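Trainee: Single-letter residue listing:
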Amino acid sequence: MKKSTVIVIALLFSIGLFLYPASAQEAIKVGVILPVTGEKAKFGEIEKKSFEMALEEINAAGGINGKKLEFIFEDDTGRPDVARSAAEKLITKDQVVMLGGGYGSSETFAIANVAQESGMPFLVSTGSDNKITEQKWEYIFRINPPVSDYPRGLESFLTEVVKPQTAAILYENTNFGSSGQKEFQQTCERLGIKVVMAEGYQSGGVDFKPLLVNVKKANPDLIYMISYVMDASLLMKQSMELRLTPKVFVGGGAGYTLPEFQKNAGKASDAVFSATLWYQTLPYPGAKEYYDKFLKKFGMDTEYHGAEGYASAYVIADALKRAKSLKPEDVRGALAATDMMTVFGPVKFIAYDKMTNQNKLPTYVVQWLNDKLELVWPKEVASKPYVYPIDWEKVWK
Amino acid sequence: MDVFIQTMVSGILIGGIYALVGLGMTLIMGVMRIINLAHGQLMMVAMYITFVLYEYFNIDPYFSLLVSMPALFLLGVLIQKYLLNPLLRIESIIPQNQILMTVGVAMVLTEVMRFIFQSDYKSVKTPYSSAVLYISSIAFNFPMLIAFGIAMLLTAGLFFFLLKTDTGKSVRATAQNKDAALLLGVNAEWITQLTYGLGAALAAAAGTLLLPIYYLYPDVGGPFTLKAFIITVLGGLGSTVGAIMGGLVLGVAESLGATYISMALKDAVGMVIFVLVLVFMPGGLKTLTKV
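Those protein sequences? They're chains A and B, same order as listed. The numbering of the first sequence is our numbering, which starts it at 1 and goes up by one. The numbering of the second sequence is our numbering, which starts it at 1 and goes up by one.
Simulated from the structure, these hints should not be mistaken for laboratory data. Any given hint could turn out to be false.
Said to hold, decoys possible - Residues on chain B that point at chain A, a partial pick, calculated with CB under 10 Å: (1) A131; (2) M144; (3) D219.
To be verified - Derived EDC-like pairs (lysine to aspartate or glutamate); straight-line CA-CA distance at most 20 Å: (4) A/K327 <-> A/D75; (5) A/K68 <-> A/D94; (6) A/K267 <-> B/D2; (7) A/K394 <-> A/D221; (8) A/K263 <-> B/D60; (9) A/K297 <-> B/D120; (10) A/K217 <-> B/D2; (11) A/K89 <-> A/E117; (12) B/K125 <-> A/D371; (13) A/K49 <-> B/D2; (14) A/K263 <-> B/D2; (15) A/K217 <-> A/E393; (16) A/K29 <-> A/D75; (17) A/K49 <-> A/D301; (18) A/K263 <-> B/D120; (19) A/K29 <-> A/D330; (20) A/K288 <-> A/D75; (21) A/K360 <-> A/E134.
Remember, predicted model here, so these are calculated numbers, not experimental data. We put the CB at the ideal spot given by N, CA and C, even for glycine.
Bound conformation, chain B alone (with noise of 0.2 Å):
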């Protein structure tokens, strides 16, 4: 029984850094109707300014979301400005050439972290890296535990964004119907500036927050971005409320999978989820709910 309750802990908490990042992509794919294949790098970008903010000025990983997410932000929305709407007038044969530059855009930041950074492998040390709760015999990282509340907690406020704010609806409407919301005067070359900044936020919040408990390379951000695309299709293309619920039954999966069947497996249980949703669910786990 600890050995079952140890593997869902696990997996809950790892599930809620999943959704994190699930839900930055889920946005853009919502609102441009583009995959973000630069997602893990945005990300990777995040880590390794948390890492210089922790290794010169001494600053808590956590306290440093407040400047790592602004400056992702910024950098979402010089990304979606300057590289991918000129993209939207120009008559290309593929139409979605964006998605293309979201590539290049994924090289170059990991090739520019490698020439400031180099290859190495950094990480930081902070005195609760391994700090670890125990209730009885189940043991809560500590540093996980942090994670997990501040991704809900970021969760809940993207939430009351979206539904509560004038903004926030003008990006749903956008989602909707982006001619329709055109006509009623939404600016919508801002609205994608928006939401490409607030998913690359969103990613630079998952980064932040995994660097303690993880590690950090250039190359760090491929398989994020590749996890990041299966919980969005998993959730239902462009759904938030999918990407949630997708990130936490990849995270349980996945640590379900290592523990019962093989670690080795991982990530082919990851996969094996993927395809049967897509097959018996074909509209992901969105179609569980009614949002």
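Extracted from the complex, chain A is given alone in its bound form (with noise of 0.2 Å):
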């Protein structure tokens, strides 16, 4: 064959697959980035399946403009490196439209940066930590606000209710723990909450003792903790052994919101507080219908960061709906033009603080009351009033 042969056929080939995507019918493909194995693999599995249920919903009322939508997941393991391969794979071999998904910070943010560099829109349904829309990256939107936001419900409740003088915080080392920290030790500053004690720990220890006795030493009012949820129910159980007695024990939300929480940590889990960022029973259209299908169809708990899944394929198909085309550079315009109601709340992509395409949403209080979780705060919204103050022998009697 002549080389000039080759190289028409060659072109012809390139043609052909430049007007494959095209072609009607072909499924509008998003890429979701999820951990379903590793350590985080229990929040990666919730978001999941929220995930799905939406699409099964969405493509059942018709689709994208009559084009069916399809979720392609890949797994991250809980790892940065793996994060990247996979957003890596599902840009390029893939050819997806846009990214979802995102749960711990270090993997959303890898994933953003890849995002970013090769112009893909993505949507961040967990990963909270504020750099990942500090970074004045176009592409990049959050659903989730950011980590420094989650203690904002709880801050009236503190100077309202529990008036603490001094606080301890405790936090895993990780983007996502570090973060939360700052912005707290921040919080209790302009509060006039004095810090006595900010440490971080390693995730996945056996032995949480030391660092209780030292917390114990220093004895605060407060004791606010950053964990995922099997470090959350092992601190608490130590500290009821080591009858660790503050007046509030308040978690940052991640581990202390789980199911698996009060299941593990069994009745040390009873009045702790945690920072929530949505409730079933919040007057969100939608909110309590999804709670109840979720818990009909997998016969398990959702909470928040299902709602966030939820959410976020809604947000995704409105945009898709919306663009002019399904060129990056369309969603992107599109997702930015944002303005919808949810699940999990309005959901508008706005500047605020230092962040760009940021979703700014009111966060609440949440208390483990009787082995259930209750929404306590604000008032008005509450779903039980709150228990306060407590008596911590009475409760792990």
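Two chains, two frames, some hints: make the complex.
Mentor: Take a look at the structure:
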């Protein structure tokens, strides 16, 4: 075969490839990166199920302007390097029109980096480290409030109800943990609470007592903890063993709102407060329905991570419907113009503080009461009145 | 002072369990001259056995030692017989291809467990899981005390076996000089299987004892493989007494580090001790003893 013939054939093929995605009835592919194995798999699983549930509903309702929507899930295994290659694979091999998901902050940051470099819109559903939306990256959007906003709802609860003088902050030494710790420290300074101790710890430890004896010695009014679920259960169990009795234990979201926290910590979970981003009884349209449907379908509880996933899927669908074409630039434009109501609350991407393309939402306070998570603050939306002051000896009996 | 005592108590108690994890690996290293990189994963399998027995048959975790240890012994023997020993007969460019095999075994075990139990976190909640003994203001976690006690008993049992029984002596002989042992009629192949089985059973004991105070998911093994490796090296490769000391030293160092330096640097403290011992005492802690 002559060289020129080869070139002509190759050209024909490449034109064919070019035309291929444009042909009708081809599903619109969106890549979703979540940890479904590894330590963070629990959260990833709840989100993945919520994404899938939303996808079924979206496609049943006609998909994206007549075309089917398809989510291609990739597992980041909770490691930034894996997340990075997953993002690269989705962009180059699967040729997705945009990316979604992103659970752990470090992984999300890695994905966001790739997405921005390749000009691929990425809607972050969970990764909450502030710096993810502080880079002026125009292709990165985040539905989840940044970690610094997590204790906003808590602030009013502290100033109006608990009025603590001193606080200790325990956090896992990751992006997520230290970013949350810095922010809470500033919050404390603003509220005139003295931070007597701020200690990081390594996730996955067996014995937290050395850390907790120091806390006990410092005897703070408030203990604020930023942890994933199993560290959270161990921290509370061992606090109970050491009879560590501050006025309140407050979890900074993540582990402290999961059903697994209660299941593993048992009675040590009782009366623990946590900041949270969402609760099923909130007056958002569809919130309760989503919760019930999830419970019925999978026989397990869902919580704010699930709601984030579910809402993300709808935001993605909405943006793709409005986009002039499926070119990244147009999808990006459509995402930026998002203004809709979801089960997770209103979604609109704005710039505030140092962040851009960031959704701003109020946050809430929940408390574990009789093995159940109840929304206790703000009072107007509470599902149960809060229990305070707490008699730990009675709770832990 | 209370803080210091509480820290030491925590460190020693956790050190007892570490020692048990390290012992198994050290035994295998002594006889087979390989690092068993599936050690933590074997522990994980035993934890799942304990979990299933507790969840579905309501068997107390401490009684399930009687099931998990023999089960893991058998698993260990099978792994040695059908996966590790055949590799000895093959000429390969890497003489340590048995170690690579243990890495493979570790991965397979993890993924099989994930397939069966998903990635969910599991834990057993016994009535005594959070029971605490208070001596003045020092808290002794009850399950940890029991775990420490059983760990010491098992260690004593192992020493009795190694020092006083014929089979135990054959194990030591094989560890000292395999060829000579062969010449004197020791069935070395069976001894390797026995040793791997014993090592696995010790890992199983550590896993089962740890479960009431810790939790379980398929990837729980990795960090413990690493801990076992540190302890083994700390103790002086292949020395059982060294492994016990190594375990205790690591436990106490981690606790002290967590209390007085920072919990975030807990693992770093362990590593610093590890490096110091290697630099100033290349033979490991066993050089401090005569055994």
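Trainee: With reference to the structure, classify each hint as holding or not holding.
Mentor: Status of each hint after checking the structure:
1. With a least beta-carbon distance of about 9 Å to chain A, the hint placing B/A131 at the interface is held under the 10 Å criterion.
2. The interface hint given for B/M144 is met, as the beta carbon of that residue sits about 8 Å from the closest beta carbon of chain A, less than 10 Å.
3. At about 6 Å, the closest approach between the beta carbon of B/D219 and any beta carbon in chain A falls short of 10 Å, and the interface hint on this residue holds.
4. At most 20 Å may separate the alpha-carbon atoms for a hinted pair to count; A/K327 and A/D75 exceed this at roughly 25 Å.
5. About 16 Å separates the Cα atoms of A/K68 and A/D94, which keeps this hinted pair within 20 Å; it holds.
6. A distance of roughly 26 Å separates the Cα atoms of A/K267 and B/D2; the hinted pair therefore is violated under the 20 Å criterion.
7. Distance restraint check for A/K394 and A/D221: the Cα-Cα separation of roughly 18 Å lies within the 20 Å cut-off, and the hinted pair is therefore satisfied.
8. Taking the CA atoms of A/K263 and B/D60, the gap is near 18 Å; set against the 20 Å cutoff, the hint holds.
9. Simply put, A/K297 and B/D120 have alpha-carbon atoms about 18 Å apart, close enough for the 20 Å limit, and the pair holds.
10. Between A/K217 and B/D2 the CA atoms are separated by roughly 9 Å; this keeps the pair inside 20 Å, and the hint holds.
11. At most 20 Å may separate the alpha-carbon atoms for a hinted pair to count; A/K89 and A/E117 meet this at roughly 14 Å.
12. The hinted pair formed by B/K125 and A/D371 meets the criterion: a straight-line CA distance of about 15 Å does not exceed 20 Å.
13. With a C-alpha separation of about 48 Å, the suggested pair A/K49 and B/D2 falls outside the 20 Å cut-off, and the hint is violated.
14. This hinted pair does not check out: A/K263 and B/D2 have alpha carbons roughly 32 Å apart, beyond 20 Å.
15. Proximity of A/K217 to A/E393 is assessed by CA-CA distance (about 19 Å); at most 20 Å being required, the pair is judged to hold.
16. For the hint pairing A/K29 with A/D75, the CA-to-CA distance comes to about 16 Å; that is within 20 Å, so the pair holds.
17. At most 20 Å may separate the alpha-carbon atoms for a hinted pair to count; A/K49 and A/D301 meet this at roughly 11 Å.
18. As the CA atoms of A/K263 and B/D120 are separated by approximately 12 Å, the hinted pair is consistent with the 20 Å bound.
19. Using a Cα cut-off of 20 Å, the hinted pair A/K29 and A/D330 holds, with the two alpha carbons roughly 15 Å apart.
20. For the hint pairing A/K288 with A/D75, the CA-to-CA distance comes to about 29 Å; that exceeds 20 Å, so the pair is violated.
21. For the hint linking A/K360 to A/E134, the alpha-carbon distance of about 14 Å falls within 20 Å, and the restraint holds.
Hint violations for this structure: numbers 4, 6, 13, 14 and 20, all remaining hints satisfied.
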